[in-house]
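As given, the protein sequences belong to chains F and W, one line each in that order.
With the numbering used here, you'll find the first sequence wraps up at 110, consecutive numbering, no jumps.
With the numbering used here, you'll find the second sequence wraps up at 114, consecutive numbering, no jumps.
Calculated from the structure, these hints are not laboratory results.
Check the hints yourself; a few may be wrong.
Said to hold, decoys possible - Taking CB as the label site, the calculated pair distances span:
1) W:Ile12 <-> F:Phe10: 36 to 42 Å
2) F:Thr77 <-> W:Glu68: 41 to 47 Å
3) W:Glu3 <-> F:Asn7: 31 to 37 Å
4) F:Thr28 <-> W:Gly85: 41 to 47 Å
5) W:Ser66 <-> F:Met93: 20 to 26 Å
6) F:Gly53 <-> W:Pro97: 23 to 29 Å
Stated by the list, open to error - Over the 10 Å line for every Cβ pair with chain F, so calculated as not near, a few chain W residues:
7) Ser7
8) Val19
9) Gly40
10) Glu44
11) Gln48
12) Ser53
13) Asp56
14) Phe65
15) Glu68
16) Glu83
17) Gly85
18) Pro97
19) Glu102
20) Val113
Note that CB positions come from ideal geometry on N, CA and C, so glycine has one too.
Given next are the chains, with one letter for each unit.
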Amino acid sequence: ELKVEQNPLFLSMQEGKNYTIYCNYSTTSDRLYWYRQDPGKSLESLFVLLSNGAVKQEGRLMASLDTKARLSTLHITAAVHDLSATYFCAVDMNAGKSTFGDGTTLTVKP
Amino acid sequence: EAEVAQSPRYKITEKSQAVAFWCDPISGHATLYWYRQILGQGPELLVQFQDESVVDDSQLPKDRFSAERLKGVDSTLKIQPAELGDSAMYLCASSDPGQVVEQYFGPGTRLTVT
């Protein structure tokens, strides 16, 4: 059974600081997704990572995938309040069936 | 921009009653997913359709939950009877298997069972 673990589960950081969220998974996969969820809202797709070494960047967020280590990271650069949300990684094992982590709730304080 | 539609957005029901949710995927998307998201957790896949066929329903509690996608377009998820533990957000997503299998999520239905 695939297990997806995110850490930290809760992250409080100051504006302007950098931080990294980690996503570890237990079995081989070369497809990983990152989503953002605002309170009471649905999931918004951030990144799709399809191969070992994949790196994608959008604004202050950068995601990477190391399939050999079974690890993905979501790096936040110079955080701003608008980035406050819950971030999920999801690993795709079979024909689109995704297993999600429990999410990292990020709070950015002034 | 095409979106996944879901209704209702909110539903309050009493324990032991029946409840149904509807999802209309993005036009042309052959794959449709129903997820359940309990507060504070990640979404859990309940059922996956490819056109009108069920691909995976291994996590669907079949004694009380049912799902159908009769014409391979929109879908209905039903719970009968509802239990207190069913209170959650029910999310529908769709994808085009010819692409990157990126899933697009609808706004969700927030179910409260009293």
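Against the structure, the hints come out as follows:
no.: 1; hint: W:Ile12 <-> F:Phe10: 36 to 42 Å; result: violated, 29 Å
no.: 2; hint: F:Thr77 <-> W:Glu68: 41 to 47 Å; result: holds, 46 Å
no.: 3; hint: W:Glu3 <-> F:Asn7: 31 to 37 Å; result: holds, 32 Å
no.: 4; hint: F:Thr28 <-> W:Gly85: 41 to 47 Å; result: violated, 33 Å
no.: 5; hint: W:Ser66 <-> F:Met93: 20 to 26 Å; result: holds, 25 Å
no.: 6; hint: F:Gly53 <-> W:Pro97: 23 to 29 Å; result: holds, 25 Å
no.: 7; hint: Ser7; result: holds, 13 Å
no.: 8; hint: Val19; result: holds, 19 Å
no.: 9; hint: Gly40; result: violated, 8 Å
no.: 10; hint: Glu44; result: violated, 7 Å
no.: 11; hint: Gln48; result: violated, 6 Å
no.: 12; hint: Ser53; result: holds, 12 Å
no.: 13; hint: Asp56; result: violated, 6 Å
no.: 14; hint: Phe65; result: holds, 17 Å
no.: 15; hint: Glu68; result: holds, 19 Å
no.: 16; hint: Glu83; result: holds, 23 Å
no.: 17; hint: Gly85; result: holds, 18 Å
no.: 18; hint: Pro97; result: violated, 7 Å
no.: 19; hint: Glu102; result: violated, 5 Å
no.: 20; hint: Val113; result: holds, 18 Å
In this structure, the earlier hints numbered 1, 4, 9, 10, 11, 13, 18 and 19 are contradicted, and the remaining ones agree with it.
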